[in-house]
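Chains A and B are the protein sequences, given in the same order.
Take the first sequence: its letter number 126 is residue 126 in this note's numbering, and every next letter is one higher.
Take the second sequence: its letter number 210 is residue 210 in this note's numbering, and every next letter is one higher.
Hints are not guaranteed to be accurate.
[Said to hold, decoys possible] Cβ pair distances, simulated, as ranges:
(1) A:MET176 - B:ASP92: 25 to 33 Å
(2) B:ILE91 - A:MET176: 17 to 25 Å
(3) A:ALA6 - B:THR75: 50 to 58 Å
(4) A:LEU8 - B:ALA25: 27 to 35 Å
[To be verified] Sample of chain B residues at the chain A side, in silico, Cβ under 8 Å:
(5) ALA8
(6) ILE11
(7) PHE15
(8) SER22
(9) PHE23
(10) LEU27
(11) VAL30
Just so you know, these hints were derived from the structure itself, not from any lab.
Glycine included, every Cβ here is placed at the ideal spot set by N, Cα and C.
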Amino acid sequence: MGFFAAVLKETVFFFRRKNAGFRVLVFQILFTGVEALTIIATLSLGLGAIIVVQGLSILPQFGQGALIYTILIAVITRELGPILTAFIVAARSGTAITTELGTMVANHEIDAFIATGIDPISYLVVPRFVGVTVSLVVLNVYFNVFGLLGSFVVTQFVRPIGFGEYFSGLLGVLNMVDIFASIVKSIAFGAVIATVATYFGFKVESAQTEIPQMTIRSVGYNVTILMLVNAVLTIAYYL
Amino acid sequence: MKFRIRFAYQIVGVFVIVGMLSFIAILVTVGANQRWFARNYYYRSLFSSASGLSIGMPITFKGFQIGRLEKMELTAENDVEIIFHVQDRYIDTVRENSVIQLISNPLGLGGGLVFHQGRYPSAPPEEYSVIPSLDSVEARQLIADDLVVLPRQEDQITRLLDQIDPILENVTTLTATLDIAVAEATQTLQIVNATLDGSSRDGPIAELFIGVDAIIEELERTIRNTVTQADGILVYIEEIAKNVALASDAIADPTGIVPRLLDPSGSIAKILDDDEVLFDRIDGLLSDLSDVTMELADLAQFMNRTTPQLTGILEEGRRTLATGKDVLEGLSNNPLIRGGISTQLEPPATFGGFRDPEF
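Pulled out of the complex, with its shape left as it was, chain A reads as follows:
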């Protein structure tokens, strides 16, 4: 928690400084967000398609075909969108961050930063923290866009309906609370992933063999904490 508080504190100062950390931030977004866009888009398209196919084959039997919009919003926007994006980012970028920082620790690069008066949290952690969080939020938006668009494309094969009718029904059940919950989850998940990944990167002490161990622990902790945070936020949504 102390590490997380220090990261938050330095994050506040990060936006006041025009330092080299901005370049790190840009590259972090590039590696975490842009490079993950393909897999996120594929995953969301497939998920939307599955929901539409299953929903349109089951729900009309009960005369509740219109519930497909509610299910799409609940699954893609509110629940699976943020958590799946977080899992992918934790698996890709979380491990990369832990490995990178662990390697820097093992190579005594962190000692060099400290020796030259550069705060490693300010220069190494905060850009990654902000980059991962921003990437997760943007990726979540793309996940929703591709997921809902993908479901529309699949709907044309299962039960063709007009673009206006589809999005009118979709936007009819999408409310501000859903969007707000999705964004809050993305921010929280991004903060968790970046904090846990950088923390376990710095947990490497000297040996290179510690790096994969910390990476594995980083992934394990990330998944566990993400699920806990998701549960807390979901419960808070219904309160």
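For chain A, the structure is supplied; the task is to place chain B on it using the hints.
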């Protein structure tokens, strides 16, 4: 240098900007679709239970969503008060005497609050005024007064339930009626029992029994009189029977009048069996009589035709005789002859003649 490293800033910029623009577009579209900046009108309603109600439940009118349930709470009177809004574009739908109905789907899916409009156009009620729920006494009174427009139910189960409700009400009414009838019958039987065992002589049933007793006594007297009269009648019948027996004996006697009448050698048979000579004579007499009658009829017709002429001739003759008489009297009274003609008043004739005398 790799392309993505070389143009990292541009790629990341596009990635973030497109993502943010998409997010803003979604927000704007959702806001426009859900009328975030539109005015909503709030109303209250009371339900007996919160079962089937949920926050955010849509309120529909003729299948269109016109609002949502915003809030609900239990009041001090143990009623469930809900607050719902109606969109400004549908506010004209809300009239005085409108009611709201909770529709529950038997499968637990769907359902919702259905708005039923008041029958007569009016300005929308004030905000936060109560729109009664359909199961409330107030709403039932409005429906009984035909002040609410209730559409036909299209749901099969609801339609069946609607059909069952009147039947149940009829059954309830019938049961209540039967209860009353059984109570009255029990009371009647008690009175009858009391009357029969003589412990009670009051009431219409007792009076009825007293009347029945009087009728029975009168009937006994009548039967006695009838029996007495029947004895006298039997005497007459015995005499009639004796006479019938005597008549039978007479008929059975071979020397009686009937066998003689039927005897083929008797005078009647001889008269009748004469080769129709007697019949021919009678027939000839009747033919002659018919001819005479026809001649008399012709004579009578002739007399009828000639009567006016004879009357005219007789009248002319009478006048002639009167004139001759006057002439003779004049001659006898003529001073030159015997003293002249005396004045004589002529009575008016009853028949004017065929011609006017002055003609």
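Violations among the numbered hints: Structure breaks no hint.
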